[in-house]
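So the protein lines, in turn, are chains G, S and R. Its first residue numbered 1, the first sequence is counted upward by one per residue in the numbering used here. Its first residue numbered 1001, the second sequence is counted upward by one per residue in the numbering used here. Its first residue numbered 2001, the third sequence is counted upward by one per residue in the numbering used here.
Please keep in mind that the hints were generated in silico from the structure rather than gathered at the bench. Treat the hints with caution; some may be incorrect.
[Unchecked claim] No farther apart than 20 Å at their CA atoms in a straight line, the calculated lysine to aspartate or glutamate pairs in the EDC-like style are these:
no. : chain 1 : residue 1 : chain 2 : residue 2
1   : S       : LYS1239   : R       : ASP2034
2   : S       : LYS1074   : S       : GLU1040
3   : S       : LYS1006   : R       : ASP2063
4   : G       : LYS313    : S       : GLU1241
5   : S       : LYS1115   : G       : GLU315
6   : S       : LYS1006   : R       : ASP2057
7   : S       : LYS1006   : G       : GLU188
8   : R       : LYS2058   : G       : ASP136
9   : R       : LYS2052   : S       : GLU1040
10  : S       : LYS1103   : G       : ASP136
11  : G       : LYS313    : S       : GLU1245
12  : S       : LYS1105   : G       : GLU315
13  : R       : LYS2052   : S       : GLU1245
14  : S       : LYS1013   : G       : GLU315
Please read these numbers as outputs of a predicted model, since none were measured by experiment.
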Amino acid sequence: MSDKITLAEGAGGKQTAALIDSVFKENFTNEYFTADDAAVLPQPKGRIAMSTDGFIVSPVFFPGGNIGKLSICGTVNDLSCMGARPLYLTSSFIIEEGFEKEDLRKIVRSMAETAAYVGVKIVAGDTKVVPHGKADGVFITTTGVGEIITDNVPSGAKAKPGDAVIVTGDVGRHGATILLSRDDYGIEADIKSDCAPLWKSVESAIKEVGDVHVIRDATRGGVGTVLYEITKESGVGVRLEAEEIPVAEPVRGVCSMLGLEPLYLACEGTMVMIVPDEKSDKLIETLSKISETKDAKKIGVITEEHSGLVSLKTEIGTETVLPEPGHELLPRIC
Amino acid sequence: MNESLKAAVEYIKNYNGRKIRMMEVCGTHTHEIFRLGIRELLNENVEIVSGPGCPVCVTPPGFIDEAVELALDKKVTVCTFGDLVRVPGTEQSLSEAKASGAKVKVVYSPQDAEKYASEHRDEEVAFLSIGFETTTPSSVIAVKNAIADGLKNFSLLTANKTMPGAYEAMADFADVFIYPGHVHAISGISDCEKMLEKGVSGVIAGFTADELISAIAIALKKSESGKPFFVNAYPRVVKAEGSPEAQKMVRQFMEETDAEWRGIGVIADSGMSLKSEYAEFDAEKKFGIERRSGRSNPGCRCGEILKGMCKPAECPLFGKVCSPEHPVGACMVSGEGTCSAYYLYGKDKTNVR
Amino acid sequence: MCVGLQAKVVSVNDGVALVDASGAKRTVSAELIDSLEPGDYVMVHAGSAIAKITDSDKKETEDLLSGLF
Chain G
1 MSDKITLAEG AGGKQTAALI DSVFKENFTN EYFTADDAAV LPQPKGRIAM STDGFIVSPV
61 FFPGGNIGKL SICGTVNDLS CMGARPLYLT SSFIIEEGFE KEDLRKIVRS MAETAAYVGV
121 KIVAGDTKVV PHGKADGVFI TTTGVGEIIT DNVPSGAKAK PGDAVIVTGD VGRHGATILL
181 SRDDYGIEAD IKSDCAPLWK SVESAIKEVG DVHVIRDATR GGVGTVLYEI TKESGVGVRL
241 EAEEIPVAEP VRGVCSMLGL EPLYLACEGT MVMIVPDEKS DKLIETLSKI SETKDAKKIG
301 VITEEHSGLV SLKTEIGTET VLPEPGHELL PRIC
Chain S
1001 MNESLKAAVE YIKNYNGRKI RMMEVCGTHT HEIFRLGIRE LLNENVEIVS GPGCPVCVTP
1061 PGFIDEAVEL ALDKKVTVCT FGDLVRVPGT EQSLSEAKAS GAKVKVVYSP QDAEKYASEH
1121 RDEEVAFLSI GFETTTPSSV IAVKNAIADG LKNFSLLTAN KTMPGAYEAM ADFADVFIYP
1181 GHVHAISGIS DCEKMLEKGV SGVIAGFTAD ELISAIAIAL KKSESGKPFF VNAYPRVVKA
1241 EGSPEAQKMV RQFMEETDAE WRGIGVIADS GMSLKSEYAE FDAEKKFGIE RRSGRSNPGC
1301 RCGEILKGMC KPAECPLFGK VCSPEHPVGA CMVSGEGTCS AYYLYGKDKT NVR
Chain R
2001 MCVGLQAKVV SVNDGVALVD ASGAKRTVSA ELIDSLEPGD YVMVHAGSAI AKITDSDKKE
2061 TEDLLSGLF
């Protein structure tokens, strides 16, 4: 029997059913997971949040995670950023013909584990197979629905001058991990992706601290990009303390080797939270009790001046602009 | 900061001697001066301008055109440093060529390009060999490795440059050069001493906050006397003789040639290309690519901006056809280039205040 | 120009050095420096060790600036 995915398994017939049985069903089983055309779900109590995200990552497996775990964390974290408890997810797979079935199983298993950890249910899915060369291994899209647990929904437009800017962990680890996993630059370092679901941390922040003005997960483009978005949406400036920004040593090493800025590297389990400054100690204390956010740290403040810009207080006491990111990250020599 | 560095910072802030215009000629100095907010320390008596020194920024459009021709028409896999990918050619950049199907591979080093060629012997591979004294030896090592590996599918498209010609071309536009530490780690200090003989002052600077501040402070202090000076303020890396091994290796494979600098024009003997006995590794000769001068936008005033003769806002292209997304001239290419910083942050000081 | 990276030499073999910068490791050419040994600190650029580093930047600036201001 072939252990690679074939086109027939995406054709909708007997073989598709067999694939679903052997790979998906055993992992995604819950009371709502359906063989019908749509999942039927109880109505949540409050307002709902809904989000969708497509995941393409090369390589599919990387230190600290894989595309499956990433696809759950991504949508869970997007919902969490709105103060929404993740309830239900759907997942749609585009698989390249020839993909190892055992790898698919591993991916699906880690999706199930991550979902179980968060308490979110995967209720429906779809599988398509495309000819060899028409996709890169596997692409996954997840869509999620969550129940908003606060009247004061965080938003990128709610940052206020004087607020504290907090990161929930060290920055740039996912981006650095992927860069090294592709092995384009011959660099080795002991770095694992920070890929993690952060609902527990967000729930604690909202329930135990409250008045969280902004929550953003610093995925593509990293913390730097997220902060620039917030300056524009809120009409404020950000001033960071350069020496306070947490960067793991090997990430710093990789960045200096390739001439990259860690603030622009993607995170997949690190968020930016913005709260009134008087709440920042409490927030950091609360986050630090949860393993995914144990290294939470204040890195700067929201300012009224230089609206639309992110500035850095440097090691020599001067203030400089963090250049606005906007391009593909490429290593540089000059 | 230790006490002597604090004193140096205070000295720079309060400098009230004659007006000094310093010119750094190194992309990494541009970057670090920006990143460290060093211009914020300067009062109206001191100016630091970014001259030609970033190899990417001074690479003329014609070179990009040649690389695009190699990649698109000759179907050569073009390996390059990441910096070059977005640099505009006459018609298109490498990133645009890639979108039309060209094979463009970003590498960490020329040696990695050679290694890729040795692993893909059915594929023609060319490395875009740019850079100054610091970078050229790595390109030469790649050719040496290719010879040792018996490769027939590896070549260099050369646009290597040397700094002394640029120092001379810029000497009238600066009071003091902040010399690029890593260039002189290879070439030694003799070029700086020759400039001193011509009455041109300079200081070789390293790249950390401590090193840049001390180099600037030393330069200002030495300027007080009014006499020309030269100080190697990066002695932990720059030795008087440089790297004799690197100099010897480059001389074995390469020879001087005239070179075009984006925004400045041709400077005699400021380029390096492979000697004729290594023609099989010279992509221009191997693929019959004609060296061309390219077509710079005639409105672009980068040359004058590099020399400090005009401000970005006085350029007719600035902010109209020339922006960080679509850079026309060298000063807009790098995020810290004079025009780019001016465009993004709205002032010629690159700092917030 | 020239991003330089300060790194520690882990091993040297046949003109190639393995260097370590804050835990990021890669091999670079050791051909431009005479007599490189494990434990040496080097400046790395574009795949080659370009110079041996003989001091820290703090000590260097201390020496350069002492008594100047």
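Going down the list of hints, with the structure as the test:
no.: 1; hint: S:LYS1239 - R:ASP2034; result: 13 Å, holds
no.: 2; hint: S:LYS1074 - S:GLU1040; result: 49 Å, violated
no.: 3; hint: S:LYS1006 - R:ASP2063; result: 14 Å, holds
no.: 4; hint: G:LYS313 - S:GLU1241; result: 38 Å, violated
no.: 5; hint: S:LYS1115 - G:GLU315; result: 40 Å, violated
no.: 6; hint: S:LYS1006 - R:ASP2057; result: 15 Å, holds
no.: 7; hint: S:LYS1006 - G:GLU188; result: 38 Å, violated
no.: 8; hint: R:LYS2058 - G:ASP136; result: 49 Å, violated
no.: 9; hint: R:LYS2052 - S:GLU1040; result: 33 Å, violated
no.: 10; hint: S:LYS1103 - G:ASP136; result: 18 Å, holds
no.: 11; hint: G:LYS313 - S:GLU1245; result: 41 Å, violated
no.: 12; hint: S:LYS1105 - G:GLU315; result: 36 Å, violated
no.: 13; hint: R:LYS2052 - S:GLU1245; result: 13 Å, holds
no.: 14; hint: S:LYS1013 - G:GLU315; result: 16 Å, holds
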